[in-house]
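2 protein chains.
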Amino acid sequence: MRKKIEIEQIRPMDIEKRSFEIISEELGEREKLLKPGTELIVKRCIHTSADFDYAENLYFSEGCVEQALAAIREGASIVTDTQMARSGINKNVLKRYGGEVLCFMSDKDVAEEAKRRGVTRAVVSMEKAASLNRPLIFAIGNAPTALIHLSQLIDEKRIDPRLVIGVPVGFVNVVASKELIIDTGVPCIVARGRKGGSNIAACICNALLYMLTDNRGY
Amino acid sequence: MRKKIEIEQIRPMDIEKRSFEIISEELGEREKLLKPGTELIVKRCIHTSADFDYAENLYFSEGCVEQALAAIREGASIVTDTQMARSGINKNVLKRYGGEVLCFMSDKDVAEEAKRRGVTRAVVSMEKAASLNRPLIFAIGNAPTALIHLSQLIDEKRIDPRLVIGVPVGFVNVVASKELIIDTGVPCIVARGRKGGSNIAACICNALLYMLTDNRGY
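Protein chains in written order, with our numbering: chain U, -7 to 210; chain W, -7 to 210.
Some hints here could point you the wrong way.
List of simulated lysine-lysine pairs, BS3-like, C-alpha gap at most 25 Å [stated by the list, open to error]:
| # | chain 1 | residue 1 | chain 2 | residue 2 |
| --- | --- | --- | --- | --- |
| 1 | W | Lys83 | U | Lys83 |
| 2 | W | Lys24 | W | Lys9 |
| 3 | U | Lys120 | U | Lys87 |
| 4 | W | Lys149 | W | Lys120 |
| 5 | U | Lys(-4) | W | Lys149 |
| 6 | W | Lys107 | U | Lys9 |
| 7 | W | Lys83 | W | Lys9 |
| 8 | W | Lys9 | W | Lys27 |
| 9 | U | Lys83 | W | Lys100 |
| 10 | W | Lys87 | W | Lys107 |
| 11 | W | Lys120 | W | Lys87 |
| 12 | U | Lys100 | W | Lys83 |
| 13 | U | Lys120 | U | Lys149 |
| 14 | W | Lys107 | W | Lys120 |
| 15 | U | Lys87 | U | Lys107 |
| 16 | W | Lys87 | U | Lys100 |
| 17 | U | Lys107 | W | Lys83 |
| 18 | U | Lys149 | W | Lys(-4) |
| 19 | U | Lys107 | W | Lys9 |
| 20 | W | Lys107 | U | Lys83 |
| 21 | U | Lys87 | W | Lys100 |
| 22 | U | Lys(-5) | W | Lys107 |
| 23 | W | Lys(-5) | U | Lys149 |
Derived contacts from chain W toward chain U, CB cut-off under 7 Å, selection only [as the list claims (entries may be wrong)]:
| # | residue |
| --- | --- |
| 24 | Ile(-1) |
| 25 | Ile7 |
| 26 | Gly80 |
| 27 | Asn165 |
Derived by calculation from the structure, the hints in this document are not laboratory data. Even glycine gets a Cβ: it sits at the ideal position worked out from N, Cα and C.
Input sequences plus hints: build the corresponding full structure.
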């Protein structure tokens, strides 16, 4: 005999709203500890991962959300270090403000130069981004080497990002790369510790875009 | 004064290997509790998420790994429920065996039919996949409605997947959808509980592909 498994009847359009209600319920008092203005970003990260660690591990530099929203309004583009993150970012909304999503990781010239120099493609991708003369937001969900190299480029004043979303995931140099980017003083949103990923990078971008464009209120 | 942040010097090609060593070290005795033959999949999920919960929440139906590898060798294609998962799956390796990655979620006919019927696009996508006459692996990282509908199609013998990777993430019907798919008796790999995601769906596909094609041994 098959066991009985309960499915909640819910309209497709209501699923996300209900999810955010559950997240708020389970956060409880912890929601009040979040930095004002960052709640929607934190809750969207939890929604994307079902991992409440994001209620504690997200670092927001002072004023970074307002700075990021201003940058998007001015037409900033988003540079990512994975095709997955590029795929997950809501490009239609970004386009309304004049921005686009860029990822140089699969570019042939990037691969060749990385091989020649014995560095990661992420390092070369960051240099390629630094050569662009326009406002940029970086969404790094995979490569700590991207974040490490970005912090060097920032220190050397070769690049001046409007926001760095520093959420690579993993075990080698990931924790340190995030502390380095915080230490530069650049506007940043960082998932401290080992956790993160392309999904989290895309989700933080989307949270910012939805804050600008709709009235979901969650 | 800036604090000192230590960066480990490591060649790009050695980063993944070192990451898997750290995962094995931290798993310790728990690695021996994993179902033989599933270790590489479990460790790749931990590598993708930095979340050791995957050492405990992954369910593998009896013989599913061998069945999946046989299906890929026979040219099975992979159907996903997000463009992000499609983007993350190693399509070059899959192509060597004759398979491709399919995602119908952005198809215009799917969107229109979903709206007309008041169901999710994921439901219509699963029906579109069911109409294909070829061996299929499903990699569901987002929509519990996809998994719920798949289990109906399986019960009605309208589809006979070679493997279902059931790893939607979230809060509404996610846990139940996973139990439903396990209950069908179809070959499946499922992340029990709320966790999962497009990144986990892609990562399990890639773990299977790498088991077939290389000798990394991690």
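Here is how each hint holds up against the structure:
no.	hint	in the structure
1	W:Lys83 with U:Lys83	holds (23 Å)
2	W:Lys24 with W:Lys9	holds (20 Å)
3	U:Lys120 with U:Lys87	holds (21 Å)
4	W:Lys149 with W:Lys120	holds (15 Å)
5	U:Lys(-4) with W:Lys149	holds (20 Å)
6	W:Lys107 with U:Lys9	holds (18 Å)
7	W:Lys83 with W:Lys9	holds (22 Å)
8	W:Lys9 with W:Lys27	holds (22 Å)
9	U:Lys83 with W:Lys100	holds (17 Å)
10	W:Lys87 with W:Lys107	violated (33 Å)
11	W:Lys120 with W:Lys87	holds (21 Å)
12	U:Lys100 with W:Lys83	holds (17 Å)
13	U:Lys120 with U:Lys149	holds (15 Å)
14	W:Lys107 with W:Lys120	holds (15 Å)
15	U:Lys87 with U:Lys107	violated (33 Å)
16	W:Lys87 with U:Lys100	holds (20 Å)
17	U:Lys107 with W:Lys83	holds (22 Å)
18	U:Lys149 with W:Lys(-4)	holds (20 Å)
19	U:Lys107 with W:Lys9	holds (18 Å)
20	W:Lys107 with U:Lys83	holds (22 Å)
21	U:Lys87 with W:Lys100	holds (20 Å)
22	U:Lys(-5) with W:Lys107	violated (32 Å)
23	W:Lys(-5) with U:Lys149	holds (19 Å)
24	Ile(-1)	holds (6 Å)
25	Ile7	holds (5 Å)
26	Gly80	holds (4 Å)
27	Asn165	holds (6 Å)
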